[in-house]
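Top line first, the protein sequences correspond to chains S and B. Once you know that position 361 of the first sequence is 361 in our numbering, the rest is easy, because the numbers rise by one and skip nothing. Once you know that position 98 of the second sequence is 98 in our numbering, the rest is easy, because the numbers rise by one and skip nothing.
Hints listed in this document are in silico derivations from the structure and should not be mistaken for laboratory results. As the structure is a prediction and not an experimental result, all values here were calculated from the model. Misleading hints may appear alongside valid ones.
Residues on chain B that point at chain S, a partial pick, calculated with CB under 7 Å [unchecked claim]:
{"#": "1", "residue": "Ile66"}
{"#": "2", "residue": "Asp84"}
{"#": "3", "residue": "Leu89"}
{"#": "4", "residue": "Pro92"}
Covered by chain S, according to a simulated footprint, are these stretches of chain B (three or more residues, beta-carbon under 8 Å) [as the list claims (entries may be wrong)]:
{"#": "5", "stretch": "38-50"}
{"#": "6", "stretch": "103-114"}
{"#": "7", "stretch": "126-136"}
{"#": "8", "stretch": "220-229"}
We put the CB at the ideal spot given by N, CA and C, even for glycine.
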Amino acid sequence: MDMMKKVPVREQDPKVRATNFEEVCLGYNREEAEAEAARCLNCKNPRCVQGCPVSINIPGFIMKVKDGDVKGAYDVISEASSLPAVCGRVCPQETQCEGKCVRGIKGEPVSIGKLERYVADTAREMGIKPQMPAEKNGRKVAVIGSGPSGLSCAGDLAKMGYDVTIFEALHKAGGVLVYGIPEFRLPKEAVVEKEIDNVRALGVKIETDVVIGKSTTIDSLIEDEGFEAVFIGSGAGLPKFMGIPGEQALGVFSANEFLTRSNLMGAFREDSRTPIMRPRKCVVVGGGNVAMDAARTALRLGAETHIVYRRSEEELPARREEVHHAKEEGIIFDLLTNPVEIHEDENGWVKSVTCIRMELGEPDASGRRRPVEIPGSEFEIECDAVIMSLGTSPNPLISSTTKGLDINRRACIIADEETGSTSKAGVYAGGDAVTGAATVILAMGAGRAAAKGIDEYLRAK
Amino acid sequence: MFKILTKETLAPSIFKMDVEAPRVAKHALPGQFLIVRVDADGERIPLTICDYDSEAGTVQIVFQVIGGDTHRMSQLEVGDCFHDVVGPLGRPSDLTEMPIEELKKMRICFIAGGVGTAPVYCQLKWLKKNGVEVDCIQGARTKEIIILEDEMRSVSNLHICTDDGSYGIAGNVCVALQQLWDEGRRFDRVVAIGPMIMMKFVCQLTEKLGVETIVSMNPIMVDGTGMCGACRLTVGGEVKFACVDGPEFDGHKVDFAQAMQRMRLYKTEEGRLYLQAKEGATHHGGCGQCG
Ligand SMILES: Cc1cc2nc3c(=O)[nH]c(=O)nc-3n(C[C@H](O)[C@H](O)[C@H](O)COP(=O)(O)OP(=O)(O)OC[C@H]3O[C@@H](n4cnc5c(N)ncnc54)[C@H](O)[C@@H]3O)c2cc1C
Ligand SMILES: Cc1cc2nc3c(=O)[nH]c(=O)nc-3n(C[C@H](O)[C@H](O)[C@H](O)COP(=O)(O)OP(=O)(O)OC[C@H]3O[C@@H](n4cnc5c(N)ncnc54)[C@H](O)[C@@H]3O)c2cc1C
Ligand code: SF4
Ligand code: SF4
Ligand code: FES
């Protein structure tokens with residue numbers, strides 16, 4: 001075995017998986033996991049841990065994997081993370097833990113994400129559960145939103161003995177994990193629902209179909225329903241459009257609509273009642289994880305799919321693995337390209353998009369080189385669907401109905417990073433609602449920090 | 001669970017139900033809507049809130065069978081439950097935010113078409129309770145499908161019209177409005193709720209008459225909370241999401257041609273699915289029924 005290289009992980013063949021919604025990556029088995037774990041040098045000063053936003057004791061759990069002690073490894077991870085089966089699958093490891101691993105200097109880093117996933121999946125199969133709650137203290141805390149931040153905050157508070165209720169606007173719990181990230185990357189029944197069941201097993205109640213700001217308000221939860229503290233983990237779900245001509249044509253969707261229909265409503269299944277367009281040729285605008293997910297969904301629904309992104313490959317914000325998988329499956333990348341107009345046929349359906357070529361100029365505020373149009377380089381891509389994946393911002397439903405809750409210019413709730421406290425006493429916030437669209441692990445970390453903050457606040461009260 | 005407490009057939013394929021939904025009932029106001037799912041695999045179906053009793057914790061819906069899920073809803077009986085009811089969604093009618101004294105001075109004419117009658121009733125009832133008197137034109141194709149007549153009469157100065165002249169004024173709601181106008185009646189505001197095509201023609205007429213007009217838009221929706229953008233409309237040249245910015249808008253600013261085109265989005269797929277379900281193996285397509 002070449003110690004400079006990762007133990008390869010088994011994946012579905014690209015040609016086969018391009019036509020189904022089953023998970024792409026099949027994960028390590030025991031031998032593979034133990035062989036990969038043996039590559040870890042158990043560093044004294046593990047740089048990988050600095051790269052993990054929640055500081056999982058990475059060599060600690062990997063050594064247990066090497067010794068075949070999955071339960072021990074799971075306990076080590078659980079000290080820092082409550083969603084390892086999810087994070088092992090969706091974290092951008094190449095810029096976080098694995099990006100810092102010393103093994104990566106000369107060869108390939110240790111496959112930390114795949115090992116984390118192996119531990120979480122195996123623990124689940126073995127029926128290992130997270131530790132049970134302490135004695136109930138009877139104090140009520142409300143959590144708004146059931147995404148990674150809300151689930152982790154609720155789980156931690158329940159373990160501390162609080163009586164926690166999650167309020168979720170949609171009919172199913174999980175946030176982006178159920179409505180956004182597709183089945184072929186994150187299986188819903190096998191993984192996400194099990195993680196949510198674990199949170200329920202801690203005694204957390206989940207009330208779906210409650211839109212805070214509409215069905216009730218934060219002030220009313222506190223004044224009328226006896227909640228002593230509230231955590232807001234409502235995410236950043238408001239989609240952006242480009243504002244170019246033709247955007248109202250039939251066949252133009254936000255990535256959120258397309259993915260929600262497919263994932264939350266199950267429209268990718270032939271027998272689903274929810275309609276979804278099965279495009280022939282589809283243009284997805286954007287270069288993030290959301291764009292990759294929309295493109296790979298459209299591809300699986302039968303479309304020739306193009307990603308149109310205004311910067312170059314290097315700047316693609318999506319995880320490396322997703323870009324790699326997308327290419328393997330046959331997604332066409334039109335880089336340094338930006339749409340300027342969408343054209344309709346006589347019935348109002350999309351028939352083509354005019355794009356313009358871009359080149360990279362001076363670095364902008366984000367430090368990335370700013371794309372500028374090349375005059376006269378317009379060309380047309382013929383297609384019947386366009387999916388806009390340009391990023392999202394927090395929904396104003398909560399901030400506009402909660403007195404004394406401060407937000408910034410980008411509509412994000414202002415909260416303390418350490419404790420999650422906001423400008424309003426007893427109200428805490430974290431995850432995408434605070435940072436704008438970010439990552440699962442950051443949202444989870446923020447939820448856990450806020451659980452500590454809430455506990456301290458309520459003990460002092 | 002969201003239990004059905006009453007069920008009534010108002011006209012062939014139009015049903016009225018009272019449903020237990022305490023959180024929705026407590027915060028609902030006229031003009032808002034809710035979303036139901038009939039069962040665990042159900043579509044998210046938006047319906048206007050037609051009445052609510054915050055004490056009893058119930059809301060009233062009136063719906064017409066259009067396709068698969070409204071058909072499934074019509075099969076539910078008293079004692080059965082909806083899998084989900086979420087709301088109230090959207091903004092309340094701006095009438096509910098005006099000072100009552102001002103409302104009492106306003107001359108308002110509501111125009112109700114088809115199932116749009118039910119949401120109009122909700123607003124009329126609220127106005128009546130607050131001592132505001134208004135006119136209402138209620139239109140239908142024919143006498144048989146006029147719904148809620150007694151209720152409507154009890155809360156407004158009602159003018160009924162039918163396209164075929166089988167009851168009331170002969171002609172559509174625009175004919176009726178023009179007739180009132182010609183008789184010398186004047187209005188400061190028209191509120192039109194019904195099929196999009198009706199609202200469009202009402203707006204064309206009131207633009208000529210110079211009367212401010214509010215319409216209630218019902219585009220295709222998914223989440224109803226501003227997350228998907230499926231419900232977007234162009235109003236006064238700006239993109240608006242009907243589920244959070246509406247559903248009520250200034251009718252003279254709505255781009256109806258575009259809104260009506262967007263309604264067709266899932267007609268093909270939808271119709272196909274429904275016909276497939278209904279006709280099973282006998283459905284081979286090609287008859288043109290499913291567009
Ligand atoms: C398609 C897609 C792919 C992604 N891929 C990755 C990836 O590969 N790796 C990664 O790390 N991150 C990825 N992300 C980002 C990641 O999913 C988010 O950063 C993370 O989910 C944020 O968690 P959250 O708990 O803050 O919010 P969310 O997951 O957004 O959950 C918020 C929840 O709150 C609910 N809610 C909102 N408003 C209200 C209200 N008023 N009342 C009640 N409930 C409300 C929402 O319905 C939702 O369920 C992806 C995101 C998307 C959309
Ligand atoms: C804000 C709002 C308020 C409404 N209030 C009422 C009401 O009080 N009474 C009533 O009878 N109907 C009302 N409607 C219309 C009602 O939602 C549709 O008739 C219903 O969704 C059709 O569902 P279906 O499965 O039976 O039909 P299908 O034709 O099988 O269609 C199902 C799919 O198409 C969408 N769809 C089809 N027609 C419509 C439509 N007219 N509007 C929105 N989405 C549609 C559905 O969301 C669903 O995705 C309202 C719509 C909106 C947006
Ligand atoms: S949580 Fe994410 S960043 Fe941390 S070790 Fe796991 S995969 Fe790496
Ligand atoms: S940096 Fe790499 S080799 Fe060192 S402990 Fe972390 S995973 Fe193991
Ligand atoms: S229905 Fe999704 S944004 Fe309005």
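**Message:** For each hint given before, does the structure comply? Return the numbers of the non-compliant ones in rising order.
**Reply:** Numbers 1, 4, 6, 7, in rising order.
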